[in-house]
Amino acid sequence: MTALTAPRAAAGTGTRARRRNRLRVLAFLSPWLVGLGLFFGYPLAATVYFSFTRYDLFTLKYVGFDNYRFLLHDSDAWRAMRNTLWLVAVMVPLRLLFGLGIALLLTQIKRGGSVLRSVFYLPYLIPPVSATVAFVFVTNPGTGPFPAIARHLGVTLPDFFNDPSWSRPGLTLMGLWAVGDLMILLLAALLDVPKSLYEAAVLDGANAWQRFRYITLPSISPVLAFCAVTGVIQTLQYFTQALVAAKVAAGQADTPGTQFAPGYPDGSTLTFPQWLYDEGFRQFNMGYACVLALLMFAVGMLFTTFLLRRFRAFASEEAR
Amino acid sequence: MTATATPAAGTRPAPRRVHRRSRATRTRRTLYWIAVHSLAIALAVMFLAPLVFMLLTAVMTDRQALTSSFWPHSWHWGNFHRAFTGDMVRWTLNSVMYSVLSTAFVLASSIPVAYALARFRFRGRSAALVIVIATMMLPPQVTMVPLYIVWSRFHLTGTLWPLMLPNLFGDAFSIFLLRQFLVSIPAEYADAARVDGCGELRTMLRVVLPMARPAIAAVALFQFFYCWNDYFGPLVYANPNHWTLAVGVASFRAAHHVEWNLTMAATLLTILPVLIVFFLAQRVFVQGVTLTGVKG
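Residue numbers (the working numbering), protein chains in the order written: chain H, 18 to 337; chain X, 607 to 902.
Some clues are possibly wrong.
[What the hints assert, rightly or not] Between beta-carbon pairs, the in silico distance windows are:
#: 1; chain 1: H; residue 1: Val65; chain 2: X; residue 2: Leu645; range: 38 to 44 Å
#: 2; chain 1: H; residue 1: Ser213; chain 2: X; residue 2: His679; range: 39 to 45 Å
#: 3; chain 1: H; residue 1: Pro175; chain 2: X; residue 2: Arg729; range: 16 to 22 Å
[Stated by the list, open to error] Calculated from the model, a selection of chain X residues having no Cβ within reach of chain H, i.e. all distances over 12 Å:
#: 4; residue: Ser680
#: 5; residue: Gly692
#: 6; residue: Ser716
#: 7; residue: Arg727
#: 8; residue: Arg731
#: 9; residue: Asn835
#: 10; residue: Val880
[As the list claims (entries may be wrong)] Take a look, some chain X residues computed to stay more than 12 Å from chain H by CB distance:
#: 11; residue: Arg629
#: 12; residue: Ala630
#: 13; residue: Tyr638
#: 14; residue: Ala646
#: 15; residue: Phe659
#: 16; residue: Met703
#: 17; residue: Leu707
#: 18; residue: Arg725
#: 19; residue: Arg729
#: 20; residue: Thr741
#: 21; residue: Thr765
#: 22; residue: Pro816
#: 23; residue: Gln888
Treat the hints as calculated values from the structure; they're not laboratory data.
Cβ atoms here follow ideal geometry from the backbone N, Cα and C, with glycine treated the same way.
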């Protein structure tokens, strides 16, 4: 790092030079510092304040801890929380396993590997709204090609996005389709493992499973853990795919006045951010929405702190 | 490694036996090759199938799109034209404005911040970096309510400005990505420029930034696609006049009375720009992805 610092001013003009240095740092950082106050500090403080009020954009009334008490009896909020935790517990590990599987498969392919890599990465690039519309279409039992093919083969696919017990598995399946982000990171990690380690293991008589268990896995475990933690943080924010899948499957749209209530079918796709959105921007219970926002902030910070602790390198001062 | 037994030298197969075993090894290798490749190809077909079915449905007649047949009886490429009219054109223009302006704002505001975090030494620098990462991980829903209230005071709710203007004040993800790249540029270049009498701003603009072009391109791409794909932001703020493609396409099916062919045509049109840019700038993309991940 020492090589990168600005040259130290000669002794004697120290104070003046230091003040100039500080001004220069401030000037370069100023857009971000102002933004931090305006779009992070202030809203966070205001969220705490509004959480003690009842506010619908017109009238504001101080209500003490009422909103917090309401949370304890809000069965929709708990359902949204359970659904979000379901996604964290099922989708995150499955995507990780699937991403690792595809990455391992790609390391075994010499020719055409780059084409296949692009193919597996492609669905991740598709805008989430478009990918969801497409996925609901190809799996819908009426006109969808996948159920039709399955019928030819004598299998009946579930009605993923109209059946409350299949909607979250459907979303998970869609998450597996868009596994490209994990696949690329894990593939890079796998290719970084020194070949000499494998050669030595082969000489020692290690079989494929032993090579994977004792060489590959330890070498890529930091990347795996990083993907797991960021996966949890992302899934806690899971919003777009669930809402769009529900909208398309229900065949309802937003028209001003009668906005679509999230969760179709039967509240099974209602995630926590959707409930926050619904309370705040459809029912205009701004105060209560702030309580939900604070809860989300607390959980998110928990995992972010863990991320920063576990991966010193992520925020390290040094060049990597 | 310690757990795998190391065979003693004497137990190694003698050269003669290796020779005899080689044919069996070869067939096993061939079988393995076939298994790996057929699995990969089968998966690739499944990954591409939804897109192919979308395209096939998009060119069907209205009536055929309501059946479960795969292959169009006749090809109606005009469906793309039918989908891309009226609302769709306005949504596209809104999406383009949102993405282009945001990207320009982010680059202008984030580059100096990343430069300072990478090159200047000052007290609180590591704290600043930690805050950047923490805000990067922050769900946008957390600060949404108070911000919405503020923007409504300025009478900007209903438009896309509440989503674009904050980008003038730096974006955490872009700052982080740029900083990771700038740290890796040797300081000697900048020092040489300074010896030649360049000010810090000139050094940044003339010497360091040209070298950071790949990272800047990656940041621009990521920001552009973030806005192009953003659904939550426009859903909260924009009224139907300011809807972007993402919001519009999500409501397309209901508005068009289950005309799956037009819905698929419209959806494909939203995907197209992303695909074109990806294939033109694949290297930039992959570089950017690995820059933001951890290593070792």
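Consistency of the hints with the structure:
1. H:Val65 - X:Leu645: 38 to 44 Å: Given range 38 to 44 Å: violated, Cβ gap about 53 Å.
2. H:Ser213 - X:His679: 39 to 45 Å: violated, 59 Å
3. H:Pro175 - X:Arg729: 16 to 22 Å: violated, 59 Å
4. Ser680: The claim holds: Ser680 of chain X sits with its nearest Cβ about 18 Å from chain H, beyond 12 Å.
5. Gly692: holds, 15 Å
6. Ser716: violated, 8 Å
7. Arg727: Label violated. Min Cβ-Cβ 4 Å, cutoff 12 Å.
8. Arg731: violated, 8 Å
9. Asn835: For Asn835 of chain X, whose nearest Cβ neighbour in chain H is about 4 Å away, the distance does not exceed 12 Å, so it is violated.
10. Val880: violated, 5 Å
11. Arg629: With a cut-off of 12 Å, Arg629 of chain X remains clear of chain H, as the shortest Cβ separation is near 20 Å.
12. Ala630: At roughly 16 Å from the nearest Cβ of chain H, Ala630 of chain X sits farther out than 12 Å, so the non-interface label holds.
13. Tyr638: Contrary to the label, Tyr638 of chain X does not stay out of reach of chain H, its closest Cβ about 8 Å off (not over 12 Å).
14. Ala646: Given a closest Cβ separation of 5 Å, the condition is violated.
15. Phe659: violated, 5 Å
16. Met703: holds, 17 Å
17. Leu707: holds, 16 Å
18. Arg725: violated, 6 Å
19. Arg729: violated, 9 Å
20. Thr741: violated, 6 Å
21. Thr765: Nearest chain H Cβ is 15 Å from Thr765 of chain X, so the label holds.
22. Pro816: holds, 18 Å
23. Gln888: Violated: least Cβ distance 7 Å, not greater than 12 Å.
Taken one by one, the earlier hints fail for this structure at numbers 1, 2, 3, 6, 7, 8, 9, 10, 13, 14, 15, 18, 19, 20 and 23, listed in ascending order.
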